[in-house]
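Heads up: the sequence lines are chains A and B, in that order. Counting from 1, position 85 in the first sequence corresponds to residue 85 in the working numbering; the numbering is continuous, with no gaps. Here the working numbering runs 1000 ahead of the position in the second sequence, where the first position is 1.
Think of the hints as simulated: they come from the structure by calculation, not from any bench. As the structure is a computational prediction, the values presented were derived from the model and not from experiment. Positions of the beta carbon are idealized from the N, C-alpha and C atoms, including for glycine. Incorrect hints may have been included.
The calculated label-pair distances, taken between Cβ atoms and stated as ranges, are [said to hold, decoys possible]:
no., chain 1, residue 1, chain 2, residue 2, range
1, B, Glu-1088, A, Asn-179, 58 to 68 Å
2, B, Lys-1121, A, Lys-24, 17 to 27 Å
3, B, Thr-1106, A, Asn-132, 35 to 45 Å
Among chain B residues calculated to face chain A with C-beta under 8 Å, some are [said to hold, decoys possible]:
no., residue
4, Cys-1066
5, His-1070
6, Ile-1107
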Amino acid sequence: MNKKLILSLLLLSLSASLLAQKAKWLPLKRDGLHDPQSPAINILQQPSEALSLLPPDYTGNQVSWVDALQENYIEPRSTLFSDTQVNTLEMDIVMGNTGEMPMVMFPHTQHTEWLDCKNCHDVIFKEKAGSNPINMFAILNGEYCGRCLGAVAFPLTECNRCHSVPRNAFTGKPGVQPNGYIQSMKPN
Amino acid sequence: MKTKSPNRSSLLLLKILLCLWLLTGVGLLKPAYAEYGDVVINKRSEKEGMRPVIFPHWFHRIRFRCKVCHNELGFKMRAGGNNITMGEITDGKYCGMCHNGEISWTIENCDLCHSGLPGLKSGVNGSNETSGPGRW
């Protein structure tokens, strides 16, 4: 009886410590990249120190970077030089050719707050809606959206963040959305 | 003898569990996860006798939008696509645009960037879901 109690307690604590391993933000000396012997270890900022203060996500850096920016948790610089033009664009694009998956809604707003037009156009994407042969194989190989998603922006396991428009609820036309934003959705 | 065997096996299980618990508690069994978007740059570093460079996207994007480095400074958005030399950095290009003592610390702090474990391969790290583009 006593042994069973100890056993179950041990099992509990083991599962707890295993869970804790998925823990957020390992210290630099245990991240598998930094050399624990490096003098930088005690000087560089630890991820937890900065990232724990930002709006949470359950994947990637465990931070919702879009929220962090839009809700002013962070104020990253847009330019280094005074004569650089800062471009942003409010334009949703709906991509309808997605097989059985919900359609994709691409919001320019959130992307151009971080990136300049030239980062994507015309090298990664042609500027005309519908003219890019985007497919998941290419994306998973790091092309098109996969240039950033799965590397520095949210991982490609988050299907429904892009495939967010249910086919039966969308009453508009795929492509550039009128007035910049998607408006033609039936309540689901 | 036969009556003793269940006891013995449960004792063994107990010992195994205790060992696992100790190992995880001490941190020996903990997997290493680089932070999402960490880039290892080791095209030249180790050949030149320095540790590989670890570039943390998370740290920099708190302070600068992507467009600053990837548009103004000309960093290509592909790990390995930038042929960075210390000569160019000293001349104020690439990292040297900020790491010049005005915006951030100077390049005399070699060890702060060259802080990686020996033998690391260049590339993007940190995703425990996809291991970066094209590597499932």
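Going through the hints against the structure:
At about 46 Å, the beta-carbon gap between Glu-1088 (chain B) and Asn-179 (chain A) misses the expected band of 58 to 68 Å. Against the hinted window of 17 to 27 Å, the Cβ-Cβ separation of Lys-1121 (chain B) and Lys-24 (chain A) comes to about 25 Å, which satisfies the hint. Between Thr-1106 (chain B) and Asn-132 (chain A) the C-beta distance comes to about 42 Å, which sits within the given range of 35 to 45 Å. Using the Cβ-Cβ criterion of 8 Å, the hint placing Cys-1066 (chain B) at the interface with chain A is satisfied: the shortest such distance is roughly 5 Å.
A distance limit of 8 Å between C-beta atoms decides the matter here; for His-1070 (chain B) the minimum to chain A is near 5 Å, and the interface restraint holds. Evaluation of the Ile-1107 (chain B) hint against chain A yields a violated restraint, the C-beta minimum of about 14 Å exceeding 8 Å.
Against the hints set out earlier in the document, violations occur for numbers 1, 6.
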